[in-house]
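Build out the structure end to end from the sequences listed, making use of the hints.
The listed protein sequences derive, respectively, from chains A and B.
Here our numbering is used: the first residue of the first sequence is 1, the next is one more, and so on.
Here our numbering is used: the first residue of the second sequence is 1, the next is one more, and so on.
These are calculated hints, taken from the structure and not from any lab test.
A virtual CB, placed ideally from N, CA and C, is assigned to each residue, including glycine.
Heads up, a few of these hints could be off.
To be verified - Derived pair list, reagent style DSSO-like, types lysine-lysine, alpha-carbon separation capped at 30 Å: (1) B:K301 with B:K365; (2) B:K186 with B:K301; (3) A:K21 with A:K99; (4) A:K99 with B:K301; (5) B:K479 with B:K371; (6) B:K365 with A:K99; (7) B:K441 with B:K365; (8) A:K48 with B:K186; (9) B:K301 with B:K441; (10) B:K186 with A:K99; (11) B:K25 with B:K111.
Claimed, not checked - Covered by chain B, per the in silico footprint, the following chain A stretches (three or more residues, Cβ under 8 Å): (12) 16–27; (13) 30–36; (14) 41–54; (15) 61–73; (16) 84–96; (17) 100–110.
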Amino acid sequence: MIALFACMLLLLIGLYAVVTKRNIIRIIIGFSLVEYAVNLFFALVGFKRNGIPPIITELGQSRSNFVDPVPQALVLTAIVIGLATTALMLALAMRIYEKYRTFDITEIRRLKG
Amino acid sequence: MDSSFIPLFVVVPMVTAFLIPLFAKLWQRSSALLANAAGAVLLGLSVYGAVYLFTDSPALIYRMGGWAPTLGITLVYDHLTALVALAVNAVGLAALLFSVRYLDHYTGHWKFFSLFMLVLAGLNGVTVTGDMFNLFVFIEISAVSSYALVAFGTDFDELEAGFKYMVIGEIGGTAILLAIALLYAKASTLNMAVVSQVMAGFGRTPLFWFIVAMFLVGFAVKMAMVPFHAWLPDAHPSAPAPVSALLSGVFIKVLGVYAMSRVMFNVFGLSRANAPAFFNLLLAFGVLSIVAGGLLAYAQKDYKRLLAYSSVSQIGYILIGLGIGNYWAIVGALFHLLAHAAGKGLLFLTSGSVEYATGTRDLDKLSGLEKSMPATAWSHLLGSLSLAGIPPFAGFFSKLFIVIGAVSARMYWLAVLAALFSTVTLGYLVSVVNRAFFARKDREPTPAHEVPATMVIAMLLLLVLTVALGVGFKPVLDKLVGPAAENLIQGLGYARAVLGG
Chain A
1 MIALFACMLL LLIGLYAVVT KRNIIRIIIG FSLVEYAVNL FFALVGFKRN
51 GIPPIITELG QSRSNFVDPV PQALVLTAIV IGLATTALML ALAMRIYEKY
101 RTFDITEIRR LKG
Chain B
1 MDSSFIPLFV VVPMVTAFLI PLFAKLWQRS SALLANAAGA VLLGLSVYGA
51 VYLFTDSPAL IYRMGGWAPT LGITLVYDHL TALVALAVNA VGLAALLFSV
101 RYLDHYTGHW KFFSLFMLVL AGLNGVTVTG DMFNLFVFIE ISAVSSYALV
151 AFGTDFDELE AGFKYMVIGE IGGTAILLAI ALLYAKASTL NMAVVSQVMA
201 GFGRTPLFWF IVAMFLVGFA VKMAMVPFHA WLPDAHPSAP APVSALLSGV
251 FIKVLGVYAM SRVMFNVFGL SRANAPAFFN LLLAFGVLSI VAGGLLAYAQ
301 KDYKRLLAYS SVSQIGYILI GLGIGNYWAI VGALFHLLAH AAGKGLLFLT
351 SGSVEYATGT RDLDKLSGLE KSMPATAWSH LLGSLSLAGI PPFAGFFSKL
401 FIVIGAVSAR MYWLAVLAAL FSTVTLGYLV SVVNRAFFAR KDREPTPAHE
451 VPATMVIAML LLLVLTVALG VGFKPVLDKL VGPAAENLIQ GLGYARAVLG
501 G
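Here's what the structure looks like:
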């Protein structure tokens with residue numbers, strides 16, 4: 001339960017950074033925190049106290065203590081997607097810096113209306 | 001029938017996306033050729049699938065790797081899928097054909113076509129998938145490639161719009177992932193059909209509504225409903241015109257409207273009868289989108305920005321159609337999905353033609369283009385008439401069905417609002433015609449030439465579709481849109497169709 005609240009806290013910290021920070025790099029870090037929080041939560045979904053790996057090592061073994069392996073596989077996929085998005089965000093941030101010579105989003109405002 | 005053609009919707013564009021960079025080194029023009037060939041194959045596949053479903057058959061199911069549901073990924077091709085796949089691939093092919101010459105001013109053609117193919121792979125994947133996590137993966141594939149495409153020009157505006165779009169879009173994507181995690185925690189499976197059966201057994205607890213809310217936030221960002229629309233008027237105009245056509249024409253509808261309807265109607269089994277609050281919320285967002293998008297579109301001087309606000313407004317029509325929630329309103333919403341895909345795709349292509357020929361999108365600097373670019377001018381005019389709901393074009397019937405739905409649900413004020421705001425739509429779209437295409441007294445016509453043949457053909461393709469959907473609305477309604485609306489209304493009937501029996 002404490003772990004779930006820690007996840008929620010992490011998510012809120014990340015959202016706070018995305019919404020309030022002016023520096024593009026900090027926004028990206030905030031976004032990464034949000035993503036980690038969701039991934040961590042997803043991994044916790046498969047958690048089981050005193051769980052064991054879901055591998056049958058001897059015949060007739062009880063399967064009730066097996067940890068659910070699906071969330072872990074899904075989280076791996078989500079992490080890879082997160083890697084791609086973070087890489088693209090950082091690439092965009094680099095190009096923005098080359099053009100605008102700043103990371104401050106309040107100075108990167110040409111589109112409006 | 002053999003359903004083994006369904007995976008090709010994802011395989012064809014995905015393989016092409018990786019072939020394009022390989023062949024680009026040998027021969028530069030091969031990128032455009034390969035991409036267009038793949039686009040044509042995809043359109044052929046969606047027509048093939050739709051024609052098969054016309055003969056009154058149930059949904060087609062394909063099990064990836066032969067794994068039974070609850071374990072493996074299931075692909076589903078029902079009438080709703082057929083409708084969305086047709087829209088995606090028709091607009092996709094037109095945009096690809098248009099890109100061949102439009103990219104003259106750009107470098108790195110193979111990067112463009114490769115990313116474009118990945119967007120198409122994602123959109124088709126979202127359309128055919130029957131698995132929650134698979135849905136998320138395809139949403140991310142198309143979304144991440146679209147961020148790169150929006151920033152493709154790598155100039156000041158494009159980079160700013162791309163970054164803004166990416167941060168907001170990814171927050172939406174993360175909300176969807178969180179919702180899927182919670183759903184998995186409750187249902188212990190990801191197959192949509194099985195999830196829907198399991199969820200039917202759970203009560204409407206606060207957690208249930210929290211999951212629904214998380215999905216709604218994610219899809220609301222993807223479809224740019226007001227007040228989640230802030231990124232769209234920046235992102236869609238900044239992308240190259242064929243990409244704008246794809247994004248505004250089908251992207252926001254597949255990732256937003258289609259995915260949301262699938263999850264809300266078929267997985268959660270929501271309907272007007274058992275969840276009136278949810279549907280009223282959709283109505284409220286829809287009305288807000290129609291009004292805010294329509295009024296903001298009036299104030300625009302930039303050709304594509306005007307069209308982008310118009311998209312926000314037209315998404316509102318689809319939302320009120322879904323929000324009213326009876327048969328005719330949902331038919332209207334789905335018909336508007338088709339009509340707006342063809343119409344707005346067409347208008348974004350004409351804006352691309354104008355930009356290609358004159359080098360500007362500023363409506364105050366354009367004048368009298370009708371003489372020099374007749375095909376573009378007429379495409380724009382007819383597309384505008386369709387979106388504004390003038391008979392006999394497609395947009396008329398969609399709005400008619402929504403109004404019928406509103407009246408039969410005794411929501412007269414909605415019917416009045418829908419009719420009223422189609423005149424607003426007509427107003428801002430015709431103002432483009434007045435400013436850019438007709439001669440102005442105080443100004444010389446802008447010098448321009450008609451665009452190359454491939455670009456004209458691309459516009460004609462969507463123009464023909466717009467007219468055909470309107471003139472031939474009866475067969476479209478009977479064979480495609482009607483059954484697709486049934487797919488949504490049946491709600492949990494989806495599970496029976498997919499699992500068989």
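Practice item. Please name the hints from earlier in the document that this structure breaks, with their numbers sorted from lowest to highest. Key: 2, 5 and 10
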